[in-house]
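Working from the sequences, and respecting the hints, build out all of it.
Residue numbers (the working numbering), protein chains in the order written: chain A, 1 to 763; chain B, 1 to 133.
Since the hints were derived computationally from the structure, they do not count as laboratory data. Just so you know, these numbers come straight off a predicted model, no measurement behind them. It is possible that part of the hints are untrue.
One side of the interface only, derived from the structure: several residues of chain B facing chain A at Cβ under 7 Å [to be verified]:
{"#": "1", "residue": "I11"}
{"#": "2", "residue": "Q12"}
{"#": "3", "residue": "D36"}
{"#": "4", "residue": "Q37"}
C-beta atoms are modelled at their ideal positions from N, C-alpha and C, and glycine is treated no differently.
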Amino acid sequence: QSLEDCPLDEDEDAFQALGEEDEDIDQFNDDTFGAGAVDDDWQEAHERLAELEDKPVASREQDGPGGEDSDLLGEPEDTLAERLTRLVIDSELEDPAIMQAVQTRVPAQPGGLNSSIWDSSAVLRRIRGPLLTQEMPSVSVLDYALPQRPPQAREEERDPSERALPRRSSSPVIGSPPVWAVPIGTPPKQAAVPNFNQQILCPKPVHIRATLPQRYPAPYGERMSPNQLCNVPNSSLLGHPFPHSVSPVLTHLQRAQLLGGAQVKSLCPLCSAQAGRMSPSQFARVSGLVGSPLPSVNPKLLQGRVGQMMSPASGFRAFFGAPPAPPPSQPQHPPGPASHLQSLRPQPQMFRPDTTHLHPQHRRLLHQRQQQNRNQHRSLNGSVGDRGGHRSSHQERKDPYANLMLQREKDWVSKIQMMQLQSTDPYLDDYYYQNYFQKLEKLAAAEEVHGDGPKKERTKLITPQVAKLEHTYKPVQFEGSLGKLTVSSVNNPRKMIDAVVTSRSEDDETKEKQVRDKRRQTLVTIEKTYSLLLDVEDYERRYLLSLEGERPALMDERKQKICDMYDNLRGKAPGQERPSDDHFMQIMCIRKGKRLVARILPFLSPEQAADVLMATARNLPFLIKKDAQDEVLPCLLRPFSHVLYHLPLGTVTSLVQQLTNLPQSATASAPTNLHLTAVLQNKFGLSLLYLVLSRGEELQSSDTNTELMQDNQWTELMLMATRELLRIPQAALAKPVSTPSNLISLFSRYVDQQKLNLLETKL
Amino acid sequence: MNYMPGTASLIQDIDKKHLVLLRDGRTLIGYLRSIDQFANLVLHQTVERIHVGKKYGDIPRGIFVVRGENVVLLGEIDLEKESDTPLQQVSIEEILEEQRVEQQAKLESEKLKAQALKERGLSVPRADTLDEY
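Next comes the structure, spelled out in structure tokens:
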């Protein structure tokens, strides 16, 4: 039977006519679903159910619109609200507001009546969205045993929520409740139960279009879909307690007008209260029609950001045009802190806009949202103070589309992002971030200490720390298998290539290859030394974090590493002496090598550092030449100066000697001291020279008891140095990084005033 | 609630007006409604803004769902400062026309450049095919 036909066929005749087909269909059912699927007469069940429907509808109609909330509460068939409540319980476990609101309503399981079977929450649970929990309530099969009921021709009075499908999923289980009582979600076989089936397809209970009184504009639902047809006006399909309810559905135009943010008054204060933060568009609709007695409530209602639970599906509103159905029934609000709401309820009117065309999940979400809004609004009204902070900006208030993203969803995304930040060793994984924030904190602490400036609250992101678990991964081993099976996974990747290192003989290689290899060797050495350096630099932090017992071990490790580094730098000579600077020079020719040396120097002992310094000074022209492109040598100045600070005069003297290459060897015929010239013409060289000289001067001036021998040497050197300095034209002199102040005093010892002035101008 | 301070998380940007630059060069302006972990964006009341010289034109586009990988950058628009700009807004037709003219001029110059290079025996550097702009 097609859907279109069903709603219209409500006669008993049609019923009977189709009865003949039942036999076949039952047989088909049997084949498909098994014996347990169809073991009872659906007609009987239907009749019984119809009977059930009549009772609550009748009782509700008796109550009339003025009914008390408490009565409705007591109603066993207060199905809709109840179910929604249950739904809320199931899926909105986290929201305390909702929990609070919901707790007071005990989901009653009336003995053997409609609600047990046609449990809407079950339906909604069937629709498994990402937000729903997977929980299924337990239903006893006995619940399905219904008292006999006469068939009901007109189905409209039934509460569609009761029509909603029971908890069974799409495929039947043998031994589960019989099909007549628990129809599987298959299209209706018989037209006899048109609305019944209709409800199954549109399980959302609250999509009723009640009659519109004359004064309301015609509903836009001229475009009635078959779904809508079954919810024809005048049908109290929902059987909600207030049959005179109105579903004001405005035209697009009206909605547009009202969306302009006009002051919105709610038609139904009750509904408005319930709806909480429903879209102003919704209110707008209503307000255009009837003034609200509750102006005070509305501004709050319109305020966006109380919070959070807005269904993402609400964005669909614009397309579907139908306002999301407000909470289905009045009885919903009584639970909990709703006393104030009762006072606001002069006229219980419900909007039940048609939402049949919406996807079941969408509908569910919409109602969820309303539920939450209702609850929130309850708390909103109850505790105004709490919400004060949320009225942040005017703009937010007017934004009808705000909070499409639920708080839960935001939390979810944030959770994912935090998960990505999980790390066992943040210093390893996220070094720069950690360092940066450490620096900031230090700055802040320093600021705090010095000045009494306003304490800036800088919230720090605390990244999740995961304990490092020792995993020993063992590849899966299969028993009883012939041979070794290759099982490779992420943790145990398979070895694809056997790369074997073959060392080539020296004879075969050409000169270039040798050079290249040597360079590569140097690079490898640099890298290894860098790893050692990073470890050594890290020891301080580790030291702080470690326990007392571990510390000596750490210190030893560190020392060892420093020694290794030094050996790497200077080249491990099998003999005691280190005759050649070659290894060191190789390293110093590479830019990274120079930086490496600069970083290592602070860790070396004074002797080792002096050694390095000497080697550098000795080969300075060579280094200068090599450094022409990189110009990285100046980075060494600072560590060198630190080293110099600790050097005794003797070392300093020899340093100067090395630097200036004075006295020149006898064989050197050139009148100019190339070595010194080169040094002087280079920024680094000159600066280094100045530093050394300055240090020497410092030592001399401070310590008067220096050995005569050294003094002579020094004096000689100085004399020669000054001579050279004077000789070199000023233009050729490089610009030093810094000119130490005591140089003048230094030179003043060795030269006369005239020359001193000259020197002064040069420097 | 301060979401993830010190990081570039978009959660705080939700429901605010943003300017989004896409990899294909389009500029979208809209209210950021929803995000996910890939920085896929849902923009509401989106407007595509075309800039040509000192003029710009807005084409209303409705709701955009942008895949995160296509976003070059995005930034919040200060609603107060939004209006004081030296740029002049024109109609859609006009801006599209301007754009077409500009594209044509660019093509012409490209062609001339290629020609000139070819004459000198040099090859035209090929742009990376992955990035259009």
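field: Hints violated by the structure (numbers, ascending)
entry: 2
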